[in-house]
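A.B. asks: Given the sequences, and given the hints that come with them, work out the whole structure.
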Amino acid sequence: MTSAALLDRILPTVAKPGRYSGHEWNSVRKDWAQVKVRVALAYPDVYEVGMSNLGLAILYDLLNQQPDVLAERVYAPWLDMEQAMRQAGLPLFSLESRRPIRDFDILGFSLQYELNYSNVLNMLDLASIPVLASQRDERLPLVIAGGTCTYNAEPLADFFDFFVIGEGEEVLLELVRLYAEWKGRQGAALSHGQGRTHHAGALAGGKEEFLQQAALIPGVYVPSLYRVAYHADGTVASIEPLKAGIPTRIQKRIVPVLPPPPVRPVVPFLNVVHDRGMVEIMRGCTRGCRFCQAGMIYRPVRERPLEEVLAAIDQLLANTGYEEVALVSLSSTDYTCIAPLVRELSQRYGEQHLAISLPSLRIDTFSVELAQWIQRARKTGLTFAPEAGSERLRRVINKGVTEEDLLRTAEAAYASGWLRIKLYFMIGLPTETMEDVLAIAHLVKAVRDIGRRWRGSRAQVSVSVATFIPKAHTPFQWLPMENAEQITARQEALRRALPSRAVDLSWSDPMTAWLEAVLSRGDRRLGKVILRAWQLGARFDAWAEAFQPGLWQQAFAEAGLDAGFYATRLRSFDEVLPWSHIHTGVSAAFLWEEYQRSLRGESSVDCRAGCLGCGVRVAFDLDRCPSIIESDVKRIPETSAAPGKEGGVASACGFPATG
Amino acid sequence: MVQRLRITFAKGDEVKYISHLDLMRAWERALRRAQIPLAYSQGFNPRPRLFFASALPVGFTSRAEVLDVVLQQRMGLREFASRVRKQLPVGLELKTVVEIPPTLPAPSAQVVAAEYEVVVESQDALHDMQARLDKLLAASSIPRRRERPNGAREYDLRPLIQRLWVIGQRQGAYVLGMRLQADEGGTGRPDEVMAALGLTDAVRAIERVELVLKPL
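First to last, the protein sequences are chains L and G. Residue numbers for the first sequence follow the numbering used here, beginning at 31 and rising by one. Residue numbers for the second sequence follow the numbering used here, beginning at 192 and rising by one.
Restraint-style ranges between C-beta atoms, simulated for each label pair:
| no. | chain 1 | residue 1 | chain 2 | residue 2 | range |
| --- | --- | --- | --- | --- | --- |
| 1 | G | 233 | L | 540 | 44 to 50 Å |
| 2 | G | 359 | L | 113 | 34 to 40 Å |
| 3 | G | 204 | L | 337 | 40 to 46 Å |
| 4 | G | 263 | L | 43 | 42 to 48 Å |
| 5 | G | 263 | L | 465 | 56 to 62 Å |
Derived lysine to any residue pairs resembling SDA-like cross-links, with alpha carbons at most 25 Å apart:
| no. | chain 1 | residue 1 | chain 2 | residue 2 |
| --- | --- | --- | --- | --- |
| 6 | G | 277 | L | 296 |
| 7 | G | 277 | L | 91 |
| 8 | G | 277 | L | 348 |
| 9 | G | 277 | L | 294 |
| 10 | L | 60 | G | 276 |
In case anyone wonders, no lab produced these hints; they're calculated from the structure. Cβ atoms here follow ideal geometry from the backbone N, Cα and C, with glycine treated the same way.
C.D. replies: Below you can see the structure in the form of structure tokens.
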């Protein structure tokens with residue numbers, strides 16, 4: 031165990047030492063001797079980011095509910111802490127027991143962002159665990175990962191023993207069971223109770239045997255059991271299992287019904303990014319925006335029943351004391367029972383000054399009404415994402431929002447007292463022209479004018495412009511990312527076209543987007559680039575103060591690989607994509623059809639209005655898709671004076687109408 | 192304002208790296224979990240009315256922090272204490288709670304001095320350690336420089352030291368006691384005293400043992 035005296039020497043010298051000191055409310059400390067499997071859950075970014083991730087909170091809760099399993103947490107030490115740890119020879123340790131990460135059975139990373147990859151290697155190294163999977167045997171923890179990045183995990187194939195594709199709630203328990211059995215069989219060589227004996231000899235076939243069994247669990251992808259062949263032009267020729275019996279394709283896992291949400295999450299002392307309770311009200315999204323990876327990979331849509339959400343929030347607040355709760359989903363306004371839910375929460379907790387946050391508001395006046403209901407105090411800002419400036423381009427990306435929708439929404443917002451509207455756009459979208467880019471400025475000015483009319487000079491518009499990255503498993507997966515010169519030219523044109531007064535403009539760093547594009551679309555040859563970039567000193571690439579793109583460029587040059595091949599090359603339908611053996615349930619044929627429709631400027635309907643046959647229903651043999659709460663009133667009328675006043679919706683939501 | 196309670200609490204090793212702002216939030220959440228009927232401030236952003244006597248520097252422990260809580264419904268002290276104790280994170284310990292008149296000034300306005308115990312690693316003989324303290328106390332001024340976010344500041348530490356003594360000695364370590372001024376005229380920091388003694392690197396632990404409040 032990490033000595034308190036050593037920590038006391040180090041922690042006073044680093045920024046925010048509370049990141050490393052643990053002991054948070056609801057953190058779980060179990061007796062190591064009383065469990066069979068010890069899991070370290072890792073997030074490769076700072077504590078404040080990692081503690082805001084709902085997925086890890088779900089798995090922490092789930093694993094610790096198993097009597098013979100424990101889960102502890104670890105996050106990436108910030109640069110100052112890394113330096114202090116290396117100087118003191120202090121290995122990476124968990125927050126709960128302060129044991130070295132090396133002593134755990136399984137080290138599971140949540141991978142949500144490609145720019146965290148260098149931190150994964152750095153955390154392994156800080157834990158004195160060899161970064162290459164091929165250099166680790168069963169005396170070291172199994173290093174595994176889940177999360178959205180694992181839908182194309184190829185660039186990380188060299189470093190991980192396996193990936194868990196899709197929703198982890200069931201499959202992680204299956205893996206832990208398998209591990210417990212396997213470890214039981216290894217019995218003699220592994221000591222129980224006192225962590226691992228690193229002196230024990232390697233067991234013949236030990237880890238190999240486990241990986242081959244794990245590969246048979248649906249949703250588990252063991253990259254070392256697959257061979258990738260390449261064509262002379264560098265494209266992938268094939269991805270095939272090395273042995274008979276190993277599945278040729280890996281289908282993601284889903285849980286058909288959402289398991290109960292965690293109601294006893296760890297309450298951080300530090301002010302983390304999302305410092306509030308979170309209850310997932312719906313998983314998946316029916317909108318079908320073609321650029322959106324989440325919208326494709328989280329299918330099918332499943333709503334949590336209203337009663338369950340309300341009961342969970344009651345318990346969550348009692349167990350945490352949070353002053354704010356977020357109703358989490360990809361599109362909160364689309365949750366069938368959103369109005370009765372919000373109304374009931376306002377009634378139950380109004381006196382206790384509970385703040386409710388609704389991420390991802392749809393662009394319509396109903397959203398403003400909802401926002402008004404939950405906004406009890408100061409009206410700071412409302413955020414909407416039109417994504418593209420012109421009607422034409424919004425049809426291309428299937429973002430079914432009209433200019434009229436946006437302006438009416440803005441009007442409703444300013445009229446009901448909000449002072450600031452934040453708008454999210456992307457540039458570099460497929461088929462985008464300078465005209466489309468300038469349409470952003472037109473739209474922003476129109477919103478600003480409405481703001482001025484209602485709020486005068488106090489009205490503000492802030493505009494955030496991201497660079498579009500065509501992501502794996504989306505209809506745009508075959509498309510190139512727009513080249514850097516074009517992006518710069520369009521950003522510049524937009525900047526000139528936007529009035530600087532009353533409009534606050536920000537955009538993503540072009541090099542950051544470039545690296546994200548390369549890593550999210552790459553194959554396993556990128557492993558040596560990631561390894562080299564980390565060796566050269568890459569850390570915290572997601573942080574402007576730490577990101578050194580030059581290190582990555584050097585790593586590409588040394589590896590003899592062309593980043594443009596991955597980021598800015600148009601791919602054909604026939605090309606074997608590096609992620610083609612990973613199946614989300616959404617068929618390639620559907621994605622291609624959506625891509626073709628986008629080129630023709632055709633929109634596609636919301637899944638709630640009709641099934642488009644994306645493949646998910648068949649792949650997972652679903653009776654109901656989307657699995658939404660049965661309701662006579664599919665869409666709450668936009669004219670509703672007060673959310674939830676309609677008895678119809680309330681009763682359909684299984685909740686008695688009152689008032 | 193229905194009822195005002197004054198709490199003393201300890202901040203132990205487990206939570207000594209938690210900043211003052213984070214500690215305030217932890218208390219708010221613990222009180223909410225305990226379902227204490229907190230009174231809230233008026234205005235756009237209503238906050239529970241908690242008043243801390245003095246921010247404890249990060250890394251120090253304390254066994255005598257003072258916090259006032261305002262309730263909107265009366266509660267028995269015993270009931271209050273038992274509910275709150277169940278909801279405090281490990282390392283935070285409610286020691287006492289008393290009812291005080293709502294009209295008292297905020298506890299931060301009542302603080303005049305603070306007493307600390309410092310564990311310092313040293314092989315010095317007792318009389319050498321004593322001589323070191325005496326020498327510091329004999330100085331007519333102790334000019335110190337403090338780096339702050341908004342620039343360095345020169346000040347005299349000597350008048351801020353009210354008492355400085357050896358409490359005890361054990362296996363290669365001393366426990367020193369000090370009472371330092373803490374009011375609008377100036378706040379002495381125990382780590383500054385240790386620096387003036389030339390013992391910064393030998394400090395192993397600093398604990399605040401008492402906040403001295405102005406008599407009412």
